[in-house]
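Q: Chain residues, written in single-letter form:
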Amino acid sequence: MNTKNTYQRWLASLLAGCLTLVMEAVSAQGTVATVAAMDSTVVVATHLQTIPVQTNVAAVSTVSGATLYKTPVANLSNTLYGLLPGLTVLQGTGEPGYDAASLAIRGLASYNESDYAIFVDGFQSNFSYFQYLSASEIESISVLKDAAALATLGMKGANGALWVTTKRGRIGKPAVTLQARTGFQRPIHINRPLDAYGYASLYNEAYSNDNGRVWQPVYSQADLDAYRSGAGTDVSWHDEVLKEQTPFTTMDASFRGGNDIMRYFVLAGYMKSNGLYDVKNDDTHSNAGLEQYNIRANVDFNAFGIFEGKIDMGGRTEGRRFPNYTGAALWNNLATYPANVYPVQNPNGTWTGTAIHPDNPVASIQTTGYHSTHDRTLQANFSLKEKLDFITPGLYLSQAVSFSTWTRGSYGVTRNYARFLNNQRQTADEDTNFGISDDFGTNQWNHRQWYAEAGYAKEIGAHRIQAVTNYLESTYCIDANNNGLAGINTTYANRHLSAKFHYSYAGRYVAELSGAYSGSDNYAPGNRFGLYPAIGLGWVISNEGFLRGNDRLSLLKIRASAGLSGYDGPIGDQRYRYQRYYAYFNGYPTGNGDPTYNGGMGLAYTPNSQIFAEQSLKYNMGVDAELFRILQFSVDVFVDKRSGIVSPDNSLLAVLGVAPPLRNIGKVTNKGFEATLAYQGAIGQLNYQLQAMAGYATNKIDYMAEIQQPTPGLVRTGRAIWVPYGYQAMGFYDVTDFDANGSLVAGLPVPAFGDVQPGDVRYADRNDDGVVNDLDLAPIGRSFMPTLNYTATVLLGFKGVDLRVLAQGFGGRDISLLESASQTVAFANFGNAHAIANDRWAYFPDQGIDTRAVATYPRLSTVYNNNNYQASSLWIRSANAFRIRNIELGYEIPASALRSVKLDKARVYVNGVNLFTFSSLLETYGLDPETLAGYPALKSFNLGFTVNF
Amino acid sequence: MKSYQKNSWCIACLGALMSLACTKLDTRIDTQPTDETINTGYTQLWGFGYAPYGFLQHGFFGTGANNSTLTNLFAAAADEAEETDPTARIQLFNQGAITPFSNPDDVYANHYAGIRAANYFLENSEDYVDVLARNRDIISDNGRQYQLDIQDIGWLRAEARVLRAYYYVELIKRYGGVPLVRQVLQPTDDTDLPRASYDEVMDYIVSEIDGAKDHLQTSWKDFDAGRDGRFTKGAAMALKSRALLYAASPLNNPNNDLARWQRAAEAALELIRLDQYGFQDNYGPLFLDISTVWSPEIILSIRLGATNELERKNYPIGTPGGATGVTPSHNLVEVYEYTGPADPANPYANRDPRLAATVAHNGSNWTGRTLEPWSGGQDDPAKPNASRTGYYLKKFLNDNLNLVQGEQKLRSWVVFRYPEILLNYAEAMNEAYGPDDDNGFGISARQALDRVRTRAAVGLAPVVAGSQAELRERIKHERRVELAFEGHRYWDLLRWKDAETALNQPLKGIRVARSGEAFQYTVIEVEWRNFQAPKMYLYPIPQTEIGKSTGVLSQNPLW
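Chains A and B, in that order, are what the protein sequence lines are. Note that the numbering used here numbers the first sequence so that position 347 is 347, with each residue one more than the last. All you need for the numbering used here is the position in the second sequence, starting with 1, plus 1000.
Extracted from the complex, chain A is given alone in its bound form (with noise of 0.2 Å):
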């Protein structure tokens, strides 16, 4: 209770404090200088062209690696945030090396997997390259949302792609920065479990409800007082295992700078994140940690005349080490190892443990050895531009390769330990020597594409023509054993012939005309090709003679975009289903001792010579406008019309004797907008921007060839994607419900899992048979992917100080507390309680025990209770949040001041990640909106320095 209104006065200060900057910026308005938006030396770059951003019409949003690098974290993914409109952004764990936030373009679009693609310096690259990319080497990451951006991606457009630009080397004398920053990381929270007097006083009840309620403790009076005297087994395993904070650190040198013959940026980083684990780094012990050096180094040449030549390399090896105990584990083993179950350690000094509770969370670190990975990864890419002017004016050809590579090699030391309780062997594990484990997996992903390109510009007059057509062939090497019948170390090939033809008249009218012919290994010879054709128009209202040069209406510009693009993602553990594979199944066992398994044959599956990638139509509508030169917004709207989603085609009957075939038959419909507003001024010698985003999506399954559903309830089609599916709970059985011998009283459905007792949850018998069975099924909730994400961020600069606020938030948005089924279902499995547990139900008047007014969690039971943790209503809870993602307070030191050291530039900064979360969810329940269970989230305080010279 306090913290929530703690919060809500927080809140009201933050709006109220918004809202008076807002006015006074109006009231001030007059003296505020113009805006670099239509600066003509801004454009906007995705594939095959960089176009200026007043003719643009391609619904593209873009952020600088400079904000990015605002977001102290390792991973790049976790500084997106809020950044992006229509990008989603949800948040992973926190535990180092496997801290990858997940990212949606546009909501979703489809119910199969839908991967959207991410290019690095225009070349396609893939999660595991980018995401430990650091923000020092980013010169802007891009979205691309819509038709006139992606149909030329042509296969691997349809859910939208990243566009990675790394920085490069600009004319001028060499540029020296050097940046470091430190910090401490801390979990956003801990949901404790309770300690051992409230496990056992519930514990009590619980076997007390299984033992027919009547009232038996497991544990006494004296039990009970020596775990509140403190004399009795009451662990901390969190405190146990975990230090308060860990240190995390970055810091890079680059160099910049060049003459017209030459370019470059170079830039060395490191990067160190410790985990939480209070153990030592030693030769047999380590915490959970990442350490990566990387290393940039971009250059341009000219050459000849005609020649503009590019040669990129960015390579990092990552080294990552944990204790020799799975992350997952350890966190599932402190959610649910009851305080009582055992000391942490034993008088004599072995290590406790038993046969149900088997891993002592602390031995788990301690003793167990540790394991390492080593990931080398390296993107090197080369081209090179003819200019062609001596045949005609703007015409170039260009070529490039792009070779980029990821291999992992680990090794670790292993030990298992005994375990003893009361002088007693509690299982069969011995002591042991260390053991090495050596290289247990190498995995590696190798990616070769090149390209030829020829392009034309020319300025005619007020006509401004750009055209550019491109050959790309891609081959994807991987040896992860993810392609079913297809074997191991498959590869992927794709050829793609794209081109763009971008035309604008007077800076007022723009077409763009793009497209691809793609195509994809996936699917049979002669089927393999898609034409992705897209048409973009634009009208820059705000250049037309009736408003040009009007202050107050500096920009509006309207623009529409209406294309095709593709989906050639995984279907299923299966590859090449066009290709008819046999397969050993189903065998038979013959023989009169130990029988011989003599395999039966048969389809491994039902080919479809017709396979082909998922379509998407895109339109999209956008308007751009500047009012009074410091307040712009810009909105975009859009319908994604799926087609094509390969799902199987249940309109076969089972006397076909086979599954049947997957065809491209799936539709859905997804749309939705974005919003971003900006607003700049300043108060005297106080300069202030404000900006607010917002995306919203919304999808609807139009077919997917579902098989009939016993209730209207189950009917996928015509619902949003991922809805989940429970019963209504209507709260508790109370004991008037129940007759002298504990059965339901006649008239109540009778619910299919079991028995029944007081406290119980009682399930809607949605349709009145007096049965409460998978026929009374429904949607309970939304899906877990956000409808609406918003950020709202507040820039102020006083002389040399500035402070950024980057609030984000999202909506829409419902799970299951019984996703994190370690900290929501009590005892079940011999597991632990924690405080969701307070609400049970309960009565047992004779001990003074009456929770059935307010209760709000079922009767406890030491089992798992087959029908209370049905997925239901009950459990469906609101995950929305709304966190302060970033704050940071900066100090320029002044030019005078710097001089006499010859330094061109200094800056210190304070800045705190993720200080601030509200979420019902995490204060009624202590669960992270976002990451629900495993490893917490983390947030962060940091000091840090940028200089320039």
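Note that these hints are calculated values from the structure, not bench results. Some clues are possibly wrong.
[Said to hold, decoys possible] Calculated lysine to any residue pairs in the SDA-like style (CA-CA distance at most 25 Å, straight line):
(1) K1221(B) with G587(A)
(2) K1535(B) with K173(A)
(3) K1409(B) with D739(A)
(4) K1535(B) with A268(A)
(5) K1409(B) with G593(A)
(6) K173(A) with G770(A)
(7) K1508(B) with D739(A)
(8) K70(A) with A268(A)
(9) K1497(B) with S1197(B)
(10) K1508(B) with A740(A)
Keeping the supplied structure of chain A fixed, place chain B upon it in accordance with the hints.
A: What follows is chain B alone, placed relative to chain A:
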């Protein structure tokens, strides 16, 4: 000009480099057999030949290879037993709650998959004599193996026909008439097929068995024990006997056409006259270990290999590793005949010896101890998951298997055994000709029944029943006792149309009260059973199938 040349050279070099980088779009590597690879040899014939067997289901627990979600013996659906787990899907039968959407024993798709596998093999091995000659020396020493291979594929082809018939028998037993698929359907074919009538499918079954049975191996045990478990001539005849008996039964023969009973009797007689099968001297061990494959009673059994899953599921709650599972009902226990005077203090004394081999009761020496299903005993009925009937299963279970150490034993499921054929014969003869008229076959209904009752393993007295109706009851009783837990009872009740009474009454159990060394036995009601007649006499066709059909496939009445 010079630089111009240089440029041209550079461009040419680049072009050459590019052409080296050219990639293929044909990257597919086939790591599984394709049409091309399987057609280069002959060994794949066995793969396709064994494939129809892959959909055979044993009756112990769900195999995971089909839509069946049964996890333990099907006996719990009938009045033989109770499943202890209240959430087990088999309870839907007892509650009368199976639906077209939710049927725990939905074998529809699985059996059509088996039928497809049989069709596929038969269609694609017509030229097997030529295929077997591919890439091998068929003249010299290897020629003998070639001849043996021709023989074996010939057998497998006949077996595929019988297996296809078997799947149809299992389908019509559950669903009534179903679509007849006699060839491989392709995804491009019309799969919305109408149902054939029960009799049409029966005709097909009988003609297939008759056409194939003389091409089957007669005894794998004599020829090559390593292939035992495959269909033999005897097994095909047993299938025909059972199929015709079902077709003659009241459910499928409402006008009591005696010719049907006569055909059923003749089918059983044919097998009896083979004189290939006999009796084992004991009853309990027949269902354990290698007895279930070697015994002279066994006509066909399905091997599971070494397992302890059934013991883990059905050992008493008081035995470490036991989970109670399916427990015999008092309804079953009370019908075992007395061989001497009844003793209220020990109701299990002086009984048909098959009782002690089938049911573990109070005082049974079982799993290395004495069963104690009384309050305070090791198998206290108040324990969570203790038997609700007071009995535990013994038939099929190995005694004294150490589950804690994971001890396993070979296990096989009986599909056909000789006493069933004798009982099929007795029932058909009694209906067709009465108790004592052998119609010149040399064995009457009563004599067939007595062969089962008086054999060494049982040792009961011959039946004394006089009339046809009385003998009918004795035959029904004998089937119930002899074939308990073997997956017959539910279907027998259905085909006799007895289910509406037998499955619409309380399932009974026993409560044991201990006072000193004496016990008191009280019969209790465990639960009310609910059989919705006449609806449940046939399973519903899965509703997903009805939904996919454009009205061609019809649902069973009342579903």
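Q: Look at each hint and say if it fits the structure.
A: Here is how each hint holds up against the structure:
no.: 1; hint: K1221(B) with G587(A); in the structure: 21 Å, holds
no.: 2; hint: K1535(B) with K173(A); in the structure: 91 Å, violated
no.: 3; hint: K1409(B) with D739(A); in the structure: 46 Å, violated
no.: 4; hint: K1535(B) with A268(A); in the structure: 78 Å, violated
no.: 5; hint: K1409(B) with G593(A); in the structure: 11 Å, holds
no.: 6; hint: K173(A) with G770(A); in the structure: 83 Å, violated
no.: 7; hint: K1508(B) with D739(A); in the structure: 22 Å, holds
no.: 8; hint: K70(A) with A268(A); in the structure: 19 Å, holds
no.: 9; hint: K1497(B) with S1197(B); in the structure: 20 Å, holds
no.: 10; hint: K1508(B) with A740(A); in the structure: 21 Å, holds
When each numbered hint is compared with the structure, violations occur for hints 2, 3, 4, 6.
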